[in-house]
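A.B. asks: One letter stands for each residue in the lines below.
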Amino acid sequence: GAGVSQSPRYKVAKRGQDVALRCDPISGHVSLFWYQQALGQGPEFLTYFQNEAQLDKSGLPSDRFFAERPEGSVSTLKIQRTQQEDSAVYLCASSFAWDHQYFGPGTRLTVL
Amino acid sequence: GNSVTQMEGPVTLSEEAFLTINCTYTATGYPSLFWYVQYPGEGLQLLLKATKADDKGSNKGFEATYRKETTSFHLEKGSVQVSDSAVYFCALKAPNDYKLSFGAGTTVTVRA
Numbered sequence: 035g036a037g038v039s040q041s042p043r044y045k046v047a048k049r050g051q052d053v054a055l056r057c058d059p060i061s062g063h064v065s066l067f068w069y070q071q072a073l074g075q076g077p078e079f080l081t082y083f084q085n086e087a088q089l090d091k092s093g094l095p096s097d098r099f100f101a102e103r104p105e106g107s108v109s110t111l112k113i114q115r116t117q118q119e120d121s122a123v124y125l126c127a128s129s130f131a132w133d134h135q136y137f138g139p140g141t142r143l144t145v146l
Numbered sequence: 028g029n030s031v032t033q034m035e036g037p038v039t040l041s042e043e044a045f046l047t048i049n050c051t052y053t054a055t056g057y058p059s060l061f062w063y064v065q066y067p068g069e070g071l072q073l074l075l076k077a078t079k080a081d082d083k084g085s086n087k088g089f090e091a092t093y094r095k096e097t098t099s100f101h102l103e104k105g106s107v108q109v110s111d112s113a114v115y116f117c118a119l120k121a122p123n124d125y126k127l128s129f130g131a132g133t134t135v136t137v138r139a
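Chains as they are written, first to last, in the working numbering: chain A, 35 to 146; chain B, 28 to 139.
None of these hints come from the bench; they were simulated from the model. None of these values were measured; they are calculated from a predicted model. Be careful, since some hints might not be right.
What the hints assert, rightly or not - Label pairs and their computed distance ranges (CB to CB):
no. : chain 1 : residue 1 : chain 2 : residue 2 : range
1   : B       : Val-109   : A       : Arg-43    : 21 to 29 Å
2   : B       : Ser-41    : A       : Gln-84    : 41 to 49 Å
3   : A       : Lys-48    : B       : Arg-94    : 45 to 53 Å
4   : A       : Glu-86    : B       : Tyr-57    : 28 to 36 Å
5   : B       : Glu-35    : A       : Ser-121   : 19 to 27 Å
As the list claims (entries may be wrong) - Partial list, computed: chain B residues near chain A (C-beta under 10 Å):
no. : residue
6   : Val-31
7   : Gln-65
8   : Gly-68
9   : Gln-72
10  : Leu-73
11  : Leu-127
In this text, a Cβ means the ideal position worked out from N, Cα and C, and glycines have one as well.
Can you make the complete structure from the sequences, with help from the hints?
C.D. replies: Take a look at the structure:
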């Protein structure tokens, strides 16, 4: 079956632009996670959804970051007024139960 | 807080060599421990996991044993192949939690 998909795979933004990153989780997966992976580092947790409810957004680095999952399936991570330090790979993961998260290929964001 | 420290890379090996990647963790209670692998151009994939002390996770010839006394979860493979070239991440999930905490990753290159 289809895995987690993310789009776009690559995004180049000028500093100050807004960007929107999309995640399509595996069908039927209740839990959805966003992680940020800086170059040469491991992924860092950003936020967690259970169905459409955002239960944890403690990892979002600033109020410029916003995530939503309005129908409990597709999720969008939005970054407003992008800064150079936002350059990273953004990973989406979904799971049916907490013990096995399935990751998408990621979106590589470069802010110039 | 919870954290994972893993051996720095890069690691370069010849085919059929023995591979060890060290991983130690800091956590309260008994976390679940994971090794994820990221092949070039692909998303993170779960390689193996262990959920309690002395458990051994294994997959594709890789093994790791959950050692509570040394807070370690070292990854080993007896005879690597070129196709094992990838970035390997050690991760933990605290009891009753949903988010993963990752190490920085170890890049492994296997030469023919």
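A.B. asks: Checking against the hints above, which ones are violated?
C.D. replies: The structure conflicts with no hint, since it agrees with every one listed earlier.
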